[in-house]
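Trainee: Protein chains in written order, with our numbering: chain A, 1 to 301; chain B, 302 to 602; chain C, 603 to 903; chain D, 904 to 1204.
Keep in mind the hints are simulated off the structure, nothing from the lab. The model shown is predicted, which means the values in this text are computed figures rather than measured ones. Misleading hints may appear alongside valid ones.
[Said to hold, decoys possible] For each label pair, taking beta carbons as the anchor points, the in silico distance ranges come out as:
1. A:ILE55 - C:GLY620: 56 to 64 Å
2. C:GLU755 - D:GLU1140: 34 to 42 Å
3. A:ALA138 - B:ARG341: 54 to 62 Å
We treat Cβ as the ideally placed atom computed from N, Cα and C, and that holds for glycine.
Number of protein chains: 4
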Amino acid sequence: MGLPLHPHVMNIGYVGLGKMGSGIVRSLLRTGHRVVVYNRSREKAEALAKDGARIANSPAEAASDSDVVMTMLSDDQAVEQVVLGDKGIASGLRRAAVHISNSTISTALARRLAQEHQQRGQGYLSAPVFGRPEAAEAKKLVVTVAGEESLIERFRPVLDAIGRKTIAAGSEPWQANAVKLCGNFMIASMMETFGETYAVIRKSGMQPQMFLDVMNELFNSPVYANYGGIIANERYEPAAFTLKLGLKDIRLVLAAAEETATPMPFASVLRDNFLSALADNQEDLDWSSVAKIPARNAGLK
Amino acid sequence: MGLPLHPHVMNIGYVGLGKMGSGIVRSLLRTGHRVVVYNRSREKAEALAKDGARIANSPAEAASDSDVVMTMLSDDQAVEQVVLGDKGIASGLRRAAVHISNSTISTALARRLAQEHQQRGQGYLSAPVFGRPEAAEAKKLVVTVAGEESLIERFRPVLDAIGRKTIAAGSEPWQANAVKLCGNFMIASMMETFGETYAVIRKSGMQPQMFLDVMNELFNSPVYANYGGIIANERYEPAAFTLKLGLKDIRLVLAAAEETATPMPFASVLRDNFLSALADNQEDLDWSSVAKIPARNAGLK
Amino acid sequence: MGLPLHPHVMNIGYVGLGKMGSGIVRSLLRTGHRVVVYNRSREKAEALAKDGARIANSPAEAASDSDVVMTMLSDDQAVEQVVLGDKGIASGLRRAAVHISNSTISTALARRLAQEHQQRGQGYLSAPVFGRPEAAEAKKLVVTVAGEESLIERFRPVLDAIGRKTIAAGSEPWQANAVKLCGNFMIASMMETFGETYAVIRKSGMQPQMFLDVMNELFNSPVYANYGGIIANERYEPAAFTLKLGLKDIRLVLAAAEETATPMPFASVLRDNFLSALADNQEDLDWSSVAKIPARNAGLK
Amino acid sequence: MGLPLHPHVMNIGYVGLGKMGSGIVRSLLRTGHRVVVYNRSREKAEALAKDGARIANSPAEAASDSDVVMTMLSDDQAVEQVVLGDKGIASGLRRAAVHISNSTISTALARRLAQEHQQRGQGYLSAPVFGRPEAAEAKKLVVTVAGEESLIERFRPVLDAIGRKTIAAGSEPWQANAVKLCGNFMIASMMETFGETYAVIRKSGMQPQMFLDVMNELFNSPVYANYGGIIANERYEPAAFTLKLGLKDIRLVLAAAEETATPMPFASVLRDNFLSALADNQEDLDWSSVAKIPARNAGLK
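Isolated chain A (complex conformation):
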């Protein structure tokens, strides 16, 4: 009779079931939402079926009965294909339903998606996330969201269901993507600072781990502890996030900054060093392996 039992239960489509996407879907299911999933390779969808997800045969189908369809894909090209391609989300999503993009994409594509959806009477929010697969699974992501305020409010419960904190960045979807890209730049810059200092430390006859101990006292940040440790131990495999994708993000933050005529000299140095790492066949190592470049430039190994 009358009102639904759980006022926030929504019908959610989810497209892109890599480690991040799968973790997010599990968080959504645990919160009680109904989720229909799609992934190019079906096995990943089937793994989630056990947890209660329904499987769709195309992005369009995942979108068709949903209040909201969410996407987590690796780059602009994949998002364009899934949204605007054949049997894509845009063709399946109902008018007034909404697409929320969790992917780290360019601000340019975010603007285009906003426009494409608007032309179809659909809503669009950018809601990229910070955090690793474990955080996705454990509902501990940090979510940045941007777009029309009323839409943000309507879907805030969904975002709260996948992260520990949701921060609204602005009223235009691409703004959240700029925030995400700037955040990744902050992390990559930190990696470079470890790369440069460890080179000095090593060439001065000291241990990187000792320097890391000092930095842990100083910064007292889990991000410093984590990456500082990976770089000190050169533990670049398996990659949590590949150098190739890291380069993509540096390229995108430079592009986002260029749109507003903002120079980013540190990002320029990073771009050069990521390229040098690529030239040295590090594309599939963890992106923190960019720290090998300052070491090599100091004549180390």
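Guided by the hints, dock chains B, C and D onto chain A, whose structure is given.
Mentor: The following block gives chains B, C and D in isolation, referenced to the frame of chain A:
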């Protein structure tokens, strides 16, 4: 009878009573050490007399009856003068007694001090500290120490008395100075990353404080929170540490790296931006005001 | 009957009649070639009619009766439109006829043009040029050409007709575009070196013109003399080549280098400085006004 | 009777007889000046005795009977020693006689020399030179001179005797050193631009020599032709000017710029790359071998 026997009570001379030095002296006095102090302008010494310090009339006098004399001065020149100048520490310190330098000085000067003291049969340790005046007062500094191992062990209690953590960097004193300079470079780099991202954020129509909220979730570091806030609010006065001294430290880290033929491209960018800030009359602002340069280069204010 | 009077007279279409294109057309006409021209705004075509050019009503028409159609347009977008758009060159050019692009475009577009023309049985050469409008008119351009060797040989007389030197860069058209972009990077770097040194010279109480006199003795290069003079006198208007187009070229050289994973740290600094100049509303000044950035960063004016 | 009256014949002491110094002395002798020479290793002095030079046994002796004593030494330390050390020039030079320094030294040392000489009633001019040993011998150097105007005028004939052009930079001697250092920075920057572009060219399947041909057409400068050729052929031995000395000059131009709070981002990149080359044991190769760094950073060889 009378005072309890405290195995670690030492006779300590302390030269250089700025905010940092005075805080350290208070920590030493509270731990029960006997401290004789010297400062060029006598008022600062007198302020500590109330807390139990004895006042010396020269660096040499502060050193003469001490097991150890410690120094905290603003730059190489001041340290050279106080140690090797007229009525300097080197002339007053007994054989076998030790000089511990807490200042942020060049690795080159640390090597010279080690040599000068050795020629006089005196010991020398570099023990630069991380932390602000409040931390000095509250015994919460992070202390990096380097030099002969037996000396470090002998004076570890003194170092433990001024900080929350003492980390040994190596057996040559200058190594601790390299660590300190690298640490300051890490902090200055973080400032630049805020400068660049806030410029993008502002030109993209968003609030730096919002971005800082995201970064606080991400890095969860008091250093990020502190400097991120100062830069977001452009609260560069009063300076906790002046831009002029910050430039000095960047210059010194580049010099330390050059001794081992280690390029530091981020430090090079920082040097350029500190110089540009100097050219813009920011020398007495807080060193975090280096973040004004990327803002200005993006056409902001 | 028998052989044509002048073995090299060709039927040439020319699209894009800015200063450079018009100068080239005049050189072609003077050499005896038959030229049919097209320009979006017809006045420029009419100015050439007096010199013997025939006027076409579309790029396709300019191409339709020609052995070769040449293009000189300001950027990738304009070239795409003129070649692949409605009534574009690709639709008008006969099989076996050839398109020679004189524009400074991306290596990526050059590859696409090669492919598009090939699919239509048409030939394609990239033949970007170095030199200013006066040089175009006076047949003094330096021409870099790349593409299939037999095509280069066939059209070498046409290229020799527009420049004082034709240099073959390789067998793939985009290679010539890489050369042109690298050349523009060399020039832009030289501008930056004048910007940096003039700043030191001025702040040291000396005259840029004096320093230029020394550099003219040293380098003895007309390019140094020309740009060194423009920058010394800050004569940035009227622009021979706008800063906006200069930024485009720096962007394109970085993109070309990225395709082969080649870092270009000087180009990265240039990109930052061009962006800073853009943020300071210099887009319509001469591109050499990028030299204002190091001056401003030194606190000058 | 006897020698012709030559109004400009002077008594000249010359200290420092490396390739440059020896070439200059020969130019002076050919012009009719009387020259007394000193060099630490006497053989080089003896080689000049055949050409008419008299040999002195110390810098002081070379200075003692001279109207002017000139010096050409490799670095600040050597100049300090020769001028202010035991039996140094300052102790031998008469009041009102003048020291002209041809060496590439720091602006700081130039200021100190000016002061030291002034205190002794002696004159001082900085007159660093551009050009290689062959140019020194052939009287084809470009001379930059700074100091008191009347002194410059008095000794202009001497400077005209060693170069093809004498340019006055300012009234304070150090200004000429700033000009010389800026000039060397211009040349080093050009090397880096060849390093970066050749890397792109090679990775794009083209020949550096072809690119150099284009640049020679474009810049038409002997300096480009010379260094572009050395770098294209990687002909870094024997060194005309070692990388180690090149690094010294980059360090000095950065120091000169720092004195006036002038950032030089290209010079910062150069410093990083020279250090990287040093870490790779290139110290005795020609300084143009700094171009190996961008090649290596692109994964070449």
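Trainee: What hints, given by number in increasing order, does this structure fail?
Mentor: Failing hints: none at all.
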